[in-house]
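Participant: Protein chains in written order, with my numbering: chain A, 4 to 239; chain B, 12 to 498.
It is worth saying that the hints were derived from the structure and are not from the lab.
Model, not experiment: these values are computed from the prediction.
Every residue, glycine too, gets a C-beta built ideally from N, C-alpha and C.
Hints are not guaranteed to be accurate.
Unchecked claim - A few chain A residues facing chain B, derived, Cβ under 8 Å:
hint, residue
1, 89
2, 93
3, 111
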Amino acid sequence: MTNARILVVDDEPQIRRVMSTTLVARGYMVSTARSGEEALDKVREERFDLVLLDMNMPGIGGMEACRIIRSQSDIPIVILSIRNAEKEKVEALDAGADDYVTKPFSMPELLARIRAALRRAPLASSGTPDVLDLGQTVINFVARRVTVNGTEIRLTPKEFDLLRYLASNPDEVIPHVKLLQAVWGPDYGGEVEYLRVFINQLRKKIEPDPSHPAHLLTEPWVGYRFSPSKKGSGTV
Amino acid sequence: MTKSTLPQSVKVARILGALGIVGGITFFYFRIFSVNNVTVALSFLLAVLTIATRWGLIAGLVASVASMLCLDFFFIPPVGSITIADPQNWVALSVFVVTAVIVSHLSASAKKQALESTQRQNEMERLYTLSRNLLLLEVHGPLAQEITNSIAQVFELPGLAFYDRTSDRIHRAGPHDIPVDAGKLRDTALQGTVFHDATTKTTVIPISLGGQPMGSLGIQGSQVSETALHAIANLTAITLERAHAQDVATRAEAARQSEELKSTMLDALAHEFKTPLTPIKAAVTSMLSDSDLSPTHQELLRIVDEETDRLNSMLTDAIQMSRIEAGQLQLHRSPQPLRRIVQAQLEKLGENLEGRTVTVEVPESLPPVSVDPEFIGIVIWQLVTNALRYTPPGSPLTLRASAEETEVIVSIEDCGPGISEKEQRRVFEKFYRGKDQRDRIPGTGMGLTIAREIVRAHHGRIWVESEPGKGAKFSFSVPRPPREFLL
């Protein structure tokens, strides 16, 4: 995908330079911001397709900026950070990031991650219904809309793709790797913590009782399973 | 404290007083108001009783003898003469004397007891005040002098000397210097026996805790009982010990903080260095992905790329080391299939394998282990990287895992030059580098230490087996959890 608009947020000028040069050469339209605050202003003023967000910046910092952007928009966010501890990755994903890349990174790898974040999973096989009614929760796969008790709730593109992939294979245990590759892309497979965080966020949004999920079920060791049963929803 | 002796004048005054009272009674009954002899005798008895109670034995005895004489001379017939011929008079005298003795004795002992209990109460109050003062003392100040001042002040002592054995110094307090020399104080501290000098009224008492001599206290004056003295010595010992314990704790805390600061600085520094590495890596990999490059340029850029990676891995080592040393190795354990951890690490190593064939023998049936996948990943990565570093490109590597009864063992076997027996013992030491490799092969000497610390945190073992010339085999184990933990 070219001419997608990318916002590069980093307090290091050299990183902004190398990113602009490379991304522009690849056909992306690039805008840069020096701080979290500036990034928030730019996101409000212009429309972007992706934000590359540095974690460690003076001021509000990447984590907080990510949280604020996510509260206002579903735009894909890729975090860039020097820290590679699992704790920080999970924290960033919890804050709403779609992906987490450790610095220093190789450019081909980052480009692959950018493509994965921009990619919308293709519509599932013809066997999937357009609308799935789970009782309280209704998922419209065509319009990419989810309503819970009649109110529309917002899902990020990756959250939606994950839900759609699981829902189009009901009652089937989907292994971690398969799920990651279907939603993020073929370069993924080891990022089991991504699934953990995203499934948790989905549960909070669509499950009547997120701590006792009825639809998004964990299959220990293996993966996840979607159960379309309306049990407990009161409208059986 | 013993009862202080009364001045001579008071004694004389009391005797004269006793005689005066007896005279007064005699005058009253003889001249003014005549009654029968029994009443007179009873009045004398009452007077002897009162005098013995109030003024003590001597005055009581004087009063009883005088009473007997007066009774005999003025009242008992034949009036006007002292005849003790009559047995009745002997009885009267005996009654007076015995009464005086018994009553004065009783009263004196009651008085003494009352005085003693007041003194004990007084001492208890002072000991309580002292213990409170000592507890509130700031242990980092001039503690020994403060203790001395506090004791002297609370017990209102004229002179006090405290010998502190730790500093071998003598601290004095009170208005007078007590006549005890340093030698006596030191000897008492070491011998552990109380020394008392009656002529100078000084007492020296040892201070010790748990049989360990800590010093001695010299006190002048006899106003403090021996029990209280021992209590003071114990309080002093406890205060010194408390200060000592706090001192040790403070020092340990300071050492820990300095270690933590070092680790924090190392961590910050390593992260600082990674910042400029990021645009270098991004730029060089970006250029390398350009297909128009000449072979020369491609080779040169590849060198930049590889060296960037090396610098990065050294910084990663430093960061891991600092995390481990700062005691931040917090494991998040969960049951993990080792196969996946191994696979992920080998994928990460990718091109660094330099054409080596890595045989992975991790059976599917291997039971899961309860580990932190991130850190066990680091151990595998470090061991494989170590093998890659010291073996020629193209030589094979074998990564094996097997389940024993109580543990799961992972080993990485190479076909490199091997490690001599002497060096085998040292390879896990921090910054240790093989003698022959020190100058030839780059490395930080931290990798194996990091691996060892992580394995230890998992309660596992790490070791190396090698025969020089035939390769080396590094192994580590992690305990197998009981079955029920995994279900």
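Participant: Would you check whether residue 93 of chain A satisfies its interface hint, that is, whether its CB is within less than 8 Å of any CB in chain B?
Facilitator: 10 Å, violated
Participant: Taking 8 Å as the limit, does the beta-carbon of residue 89 of chain A come near enough to a beta-carbon in chain B?
Facilitator: 5 Å, holds
Participant: Can you verify the interface hint for residue 111 of chain A: is its Cβ closer than 8 Å to any Cβ in chain B?
Facilitator: 5 Å, holds
The structure fails to meet hint 2 from the earlier list, while all remaining hints are met.
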